[in-house]
Amino acid sequence: MTIEVTLADIVARLGGEVSGDTAMRFNRIGPLAGATASTVSFLSNPRYRAQLADTRAGCVIVAPSEADEARGRPGGGAVIVTPDPYLYFARLTQMWAALSRPRDAAGVHPTAVVDAAAQVHPTATVGALAVVAAGAVVGEGAVIGAQSHIGRDARIGAHTRLAPRVVVGDGCSLGERCIVHSGVVIGADGFGFAPTEGRWEKIEQLGAVRIGNDVEIGANTCIDRGALDDTVLEDGVKLDNLIQIGHNVHIGRHTAMAGCVGVAGSARIGAHCTIGGAANILGHLQLVDGVHVSVATVVTRSILKPGHYSGVFPFDDNAAWEKNAATLRHLHQLRDRVRALEKKLV
Amino acid sequence: MTIEVTLADIVARLGGEVSGDTAMRFNRIGPLAGATASTVSFLSNPRYRAQLADTRAGCVIVAPSEADEARGRPGGGAVIVTPDPYLYFARLTQMWAALSRPRDAAGVHPTAVVDAAAQVHPTATVGALAVVAAGAVVGEGAVIGAQSHIGRDARIGAHTRLAPRVVVGDGCSLGERCIVHSGVVIGADGFGFAPTEGRWEKIEQLGAVRIGNDVEIGANTCIDRGALDDTVLEDGVKLDNLIQIGHNVHIGRHTAMAGCVGVAGSARIGAHCTIGGAANILGHLQLVDGVHVSVATVVTRSILKPGHYSGVFPFDDNAAWEKNAATLRHLHQLRDRVRALEKKLV
Amino acid sequence: MTIEVTLADIVARLGGEVSGDTAMRFNRIGPLAGATASTVSFLSNPRYRAQLADTRAGCVIVAPSEADEARGRPGGGAVIVTPDPYLYFARLTQMWAALSRPRDAAGVHPTAVVDAAAQVHPTATVGALAVVAAGAVVGEGAVIGAQSHIGRDARIGAHTRLAPRVVVGDGCSLGERCIVHSGVVIGADGFGFAPTEGRWEKIEQLGAVRIGNDVEIGANTCIDRGALDDTVLEDGVKLDNLIQIGHNVHIGRHTAMAGCVGVAGSARIGAHCTIGGAANILGHLQLVDGVHVSVATVVTRSILKPGHYSGVFPFDDNAAWEKNAATLRHLHQLRDRVRALEKKLV
Chain L
1 MTIEVTLADI
11 VARLGGEVSG
21 DTAMRFNRIG
31 PLAGATASTV
41 SFLSNPRYRA
51 QLADTRAGCV
61 IVAPSEADEA
71 RGRPGGGAVI
81 VTPDPYLYFA
91 RLTQMWAALS
101 RPRDAAGVHP
111 TAVVDAAAQV
121 HPTATVGALA
131 VVAAGAVVGE
141 GAVIGAQSHI
151 GRDARIGAHT
161 RLAPRVVVGD
171 GCSLGERCIV
181 HSGVVIGADG
191 FGFAPTEGRW
201 EKIEQLGAVR
211 IGNDVEIGAN
221 TCIDRGALDD
231 TVLEDGVKLD
241 NLIQIGHNVH
251 IGRHTAMAGC
261 VGVAGSARIG
271 AHCTIGGAAN
281 ILGHLQLVDG
291 VHVSVATVVT
301 RSILKPGHYS
311 GVFPFDDNAA
321 WEKNAATLRH
331 LHQLRDRVRA
341 LEKKLV
Chain C
1 MTIEVTLADI
11 VARLGGEVSG
21 DTAMRFNRIG
31 PLAGATASTV
41 SFLSNPRYRA
51 QLADTRAGCV
61 IVAPSEADEA
71 RGRPGGGAVI
81 VTPDPYLYFA
91 RLTQMWAALS
101 RPRDAAGVHP
111 TAVVDAAAQV
121 HPTATVGALA
131 VVAAGAVVGE
141 GAVIGAQSHI
151 GRDARIGAHT
161 RLAPRVVVGD
171 GCSLGERCIV
181 HSGVVIGADG
191 FGFAPTEGRW
201 EKIEQLGAVR
211 IGNDVEIGAN
221 TCIDRGALDD
231 TVLEDGVKLD
241 NLIQIGHNVH
251 IGRHTAMAGC
261 VGVAGSARIG
271 AHCTIGGAAN
281 ILGHLQLVDG
291 VHVSVATVVT
301 RSILKPGHYS
311 GVFPFDDNAA
321 WEKNAATLRH
331 LHQLRDRVRA
341 LEKKLV
Chain B
1 MTIEVTLADI
11 VARLGGEVSG
21 DTAMRFNRIG
31 PLAGATASTV
41 SFLSNPRYRA
51 QLADTRAGCV
61 IVAPSEADEA
71 RGRPGGGAVI
81 VTPDPYLYFA
91 RLTQMWAALS
101 RPRDAAGVHP
111 TAVVDAAAQV
121 HPTATVGALA
131 VVAAGAVVGE
141 GAVIGAQSHI
151 GRDARIGAHT
161 RLAPRVVVGD
171 GCSLGERCIV
181 HSGVVIGADG
191 FGFAPTEGRW
201 EKIEQLGAVR
211 IGNDVEIGAN
221 TCIDRGALDD
231 TVLEDGVKLD
241 NLIQIGHNVH
251 IGRHTAMAGC
261 VGVAGSARIG
271 AHCTIGGAAN
281 ILGHLQLVDG
291 VHVSVATVVT
301 RSILKPGHYS
311 GVFPFDDNAA
321 WEKNAATLRH
331 LHQLRDRVRA
341 LEKKLV
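Residue numbers (the UniProt record's numbering), protein chains in the order written: chain L, 1 to 346; chain C, 1 to 346; chain B, 1 to 346.
The following block holds chain L by itself, in its conformation from the complex (with noise of 0.2 Å):
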């Protein structure tokens, strides 16, 4: 769908300190490099700003320190100055998405099967083929994406809107204006067992999962429920694809998280931390607040101080890499082997 929206529209909606003719149209947001005079694009990192010159973008979003360059620019075009571009632009994104989707019409589809016990508001909007069962409360404005699965005693809350496939489990809840993509389990049983005799002897899953305001849940992620207690995510929680968060787990406030990452049983992670794709956190560990994890990382104790925290075998040709590895197996010895030349030499 495209959709054409002019400089004075942009800057009605979104504000920002303006030069260029208002009336001028844009039918995309895109890079510098490759912009044409219909593109609005912009400049948040200022290793692209060599970019500037050389742009034809109709428009470009910059901070006050780019202004005066942005103006004169050589490809000419308008300008528009804000404290932080990158959050302008991420505006406009959603001024886009707001224009260019068509809405679900509110009410639920003849194909949906919706318990008579359930109460879903009036406003709100329940796709085809979606169950929804009973006891379960969807709040005003929320959507329940085509072929999802709300179940008994769970609660949707106010413009929380669920993509094609969802399952939310039984007793589990969402806040407020959370986004749940496709495929997402909320609320499977946590793994719990107790070994007897040689085999396992299930632990049922009494608890259920709660999840905050703004939260974002990215596709197939999966969010056990607890064993007694709840499973928690905070308010503005933000989750990728593909992650595993086991029973009991505790999310806090702003916390982010890359796709494939695995957070195991009663692990506690802090408010406004970040979690590189595929880490790995073990349970019943405690990160503070503000902890960084790089990318693949196995974090196998608690993190009690800020900070940033890594632990990746580096790559490296195959060749060299099976010599290192072949020594590696053999370290410890190597490290005897320095201490006794220490000894001989003092």
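FYI, nobody ran anything at the bench for these hints, they're computed from the structure. Please note that a few of the clues may not be correct.
Just so you know, same-sequence chains aren't split out, so a pair can sit in one copy or run between any two.
Said to hold, decoys possible - Calculated cross-link-like contacts (lysine to aspartate or glutamate; reagent style DMTMM-like; alpha-carbon spacing at most 25 Å):
#: 1; residue 1: Lys202; residue 2: Asp104
#: 2; residue 1: Lys323; residue 2: Asp336
#: 3; residue 1: Lys202; residue 2: Glu17
#: 4; residue 1: Lys202; residue 2: Asp170
#: 5; residue 1: Lys202; residue 2: Asp84
#: 6; residue 1: Lys305; residue 2: Asp235
#: 7; residue 1: Lys202; residue 2: Asp153
#: 8; residue 1: Lys202; residue 2: Asp229
#: 9; residue 1: Lys305; residue 2: Glu322
Go by the hints and put chains C and B onto chain L.
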């Protein structure tokens, strides 16, 4: 849903040597810390023994070695003595779940699409908007979750329960009393291609997946069908969420795997193994019975001796890691330098 | 389902130089070991050449170099000689699948929800309880699996087959002859946020996903839509299960990735690459054509030279690993100590 259970109810069902007022009522199972008079608690890890003195739990489950201390605790209350308190706790959660969870009525939901050539036992349940294809057999007391898909000629054993939105592929079978969580895909094609002239020719996967009794499979886990023969999970295997089981893998009885594990094609894993989260097992390997693999370990060759195996890069603050990782890239040279020093000193 | 095929059938369809009774009947394809008179077997790996002498396979497929040995084998039976036995085997599995698998009748299942503004080719199949949204186009002979979801304006090319329960997001497109397995999510939002005042402002993802011809995508794999431009998979790409492809990734022709791989946003991966299971590619990197990455390797910088790259911690028994890992945390200091020794000895 709240439930209330008397001490008499618990002991009637689960046994144990009880002391205290059997008319006491409980509405919660919980840890010693934070317990109230209506909480049943338990002590299985001697590390927490000190908490016995402080707990306000109305009832505690303990081993004979802690019986006297539990009975004489300052907070008072009942005691159940049993040889394995953790196992007792597991069974108590099962009792709780059986009492608190509503059961679906047996029968096929009117919106389910069940082929005329499928056999669904009269005591089985098929949920809303599920599909059961021709030739499929659903056993006594089995539950097919809403929006699940049972392929052609697939077999679901007696009392096996599928959560909403599970896929069981054509010709695949599950034994009795299995539990399968949402998003699981059993029987997608294994990853098999013959390279030819710079592209990949598909090897159709003609085997199926055969799963034993009492197997549990976590959310969004995938178990591929075999290339020629079947992929096999023996009785009592427990898989957590987001696990990938390649074609023709064989997993022995009562082996358990934590979340995000990957097992490549034709690996043969013994019985009573445990595989830590995010570990990877390469293809065509053998792990004998009783092998325990640590979290995030990559198993690159067969393990023919039971034991505990690990291989994880130790994480550190980023600056320390960077220095060590840089040195690691020259570790083989460092060994040569140590060797040269040793020669000089002889 | 059992099928029976004569040697004449096979050679009529797949060619090759045959010796033996072409009326022989086969009901199984299988490895040399364990084969019976009704098994067609093949030898592609010279390592297994010794098995030719013992096999009881009714027919073996071999390269010209093994033709004489195969024809003179003690167990007797037919021989097919072909330049690439593994490729012949792949095509034989395709013949087998075509004969043994029932085809869905073309047409839209009465329980599917197809928007009046969608275009479904008369020869295409739309399964039970599938959803096809407005503006979507489903091509000639394409198969939309039961309970799948085709978003607005999405395009499914001719003869592409979606298994049950696939999601293709709004505006995303697949080429011809693709195969997409259950649980796949194409076109969920990429993970993009602008940080502001301690929280995350969503960057709406305005791009789509464009997938070429002959692409195969494994179960529960996720391919995110681009932020501004599209995420692209070129022709012939093969992805295994549980893979995460971030926004604006570009994957070149005939590149294959094993299970559990993660590729972060804007990575550009060349043609004819292979990426081992659970490997991770960081964002904004480039891998040229012909790069092969080992299992579980984390690629943290661009690779501009074709070749084989690795970076995995070698696993060991836990006690040995613990010692080596502890020493590794002081590796940089060890290097300094070696340097100090070297200075003393000069």
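Discussion item. Could you work out which of the previously given hints the structure breaks and list their numbers from low to high?
Written reply: The structure breaks none of the hints.
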